[in-house]
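Trainee: Sequence:
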Amino acid sequence: MFQHLKRRTKIQIVLIACIVLFLAIAVPLSAFINTRQVDGKVHSLDETRASYSPTSLPPDFVGLAVTVLSMETLTQLSNWRIDIVPYGTLRAGDGFATAINLTIGSQKIAVQPNTADIFVNFQQSVKQGLGFQNNYPLDNYTMAASFSASNSQGSLPIGFLEPKILQGWSIDSSVSDRSNGARVLTVNLTRSMTTILYSILILIIMWILSLTIFILSVTLWFRERKVEPPTIAVSAALLFALPAIRNTQPGAPTIGITADTAGFFWAMILVSCSTFLLMLNYIVKYKREKPKSPESKD
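For the sequence shown, counting from 1, position 94 maps to 93 in numbering that gives the first Met the number 0; every step adds exactly one.
Honestly, I wouldn't trust all of these hints.
Below are the SDA-like pairs computed for lysine to any residue, each with C-alpha atoms no more than 20 Å apart in a straight line [what the hints assert, rightly or not]:
1) 163 with 221
2) 284 with 221
3) 126 with 90
4) 126 with 199
5) 126 with 181
6) 163 with 284
The hints are simulated quantities; they were obtained by calculation from the structure and are not laboratory data.
It should be emphasised that the depicted structure is a prediction, and the values quoted were computed from it without experimental measurement.
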């Protein structure tokens with residue numbers, strides 16, 4: 000079937016087939032992996048009621064499920080959703096049997112009897128010196144908040160479900176006890192592997208584009224090749240495209256981080272030099288073609 004085709008044509012067909020096959024596998028697979036990562040990343044009150052299985056707590060305790068909804072790297076603040084569910088004799092029907100006082104950080108919450116299960120929004124700052132956006136996408140942030148609960152009979156035990164966080168991040172946590180009965184939840188946030196790999200890919204793409212246009216401009220200069228205006232337009236367009244490409248990185252901080260000094264800044268410099276060189280080539284070396292005389296047509 001392909002006997003009459005040239006060798007170059009056959010190679011092109013094989014390359015196109017490989018690319019199509021790769022995309023046919025990679026696109027659905029990446030979408031499936033992202034869906035699996037996103038599903039179940041937010042606690043719910045129903046989940047907290049159904050899935051809590053403490054191993055070292057008495058029958059009567061207050062269950063807490065923390066979901067980190069967002070992380071503002073510039074302000075070093077994160078927003079938490081905390082589901083609060085009573086267990087044992089503290090529970091009556093779908094809510095609290097007795098009045099309970101909760102302290103979350105500096106926030107105090109008074110829950111009245113017969114109140115349904117609740118969730119609260121809480122804002123927590125990063126520990127000093129344990130969060131630095133300049134290291135994106137390898138930055139990490141550590142936060143800690145103290146939790147305590149009590150009723151008319153005294154302090155109450157607190158149990159935690161494994162904290163969750165929305166896509167784009169990975170989370171690790173640990174719990175420690177204080178002498179006053181409070182429990183401290185420490186969470187450490189790092190970028191997800193998908194975010195890290197994509198950011199590195201964007202860095203490589205910016206280098207490839209800038210080096211390609213730079214090599215093109217230098218080659219045209221030294222080989223005395225004619226520069227066409229569309230070539231200059233492509234180089235100038237890259238000056239506007241590179242910032243947009245850079246900002247497609249998920250959750251990227253403002254321009255100026257270490258990754259920018261390793262890629263974006265140099266890419267902009269190379270493309271700027273390339274555009275200047277192409278324009279200079281066009282101005283200095285451009286020669287208008289002489290119209291052919293009528294005698295030459297004969």
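Trainee: Now tell me, hint by hint, if it's right for this structure.
Mentor: Going down the list of hints, with the structure as the test:
1. 163 with 221: violated (58 Å)
2. 284 with 221: Holds, at roughly 11 Å.
3. 126 with 90: Not OK: residue 126 and residue 90 at ~35 Å, beyond 20 Å, violated.
4. 126 with 199: violated (27 Å)
5. 126 with 181: Holds, at roughly 19 Å.
6. 163 with 284: The given pair, whose Cα atoms are some 62 Å apart, is violated under the 20 Å limit.
Violated hints for the displayed structure, listed by number in ascending order: 1, 3, 4, 6.
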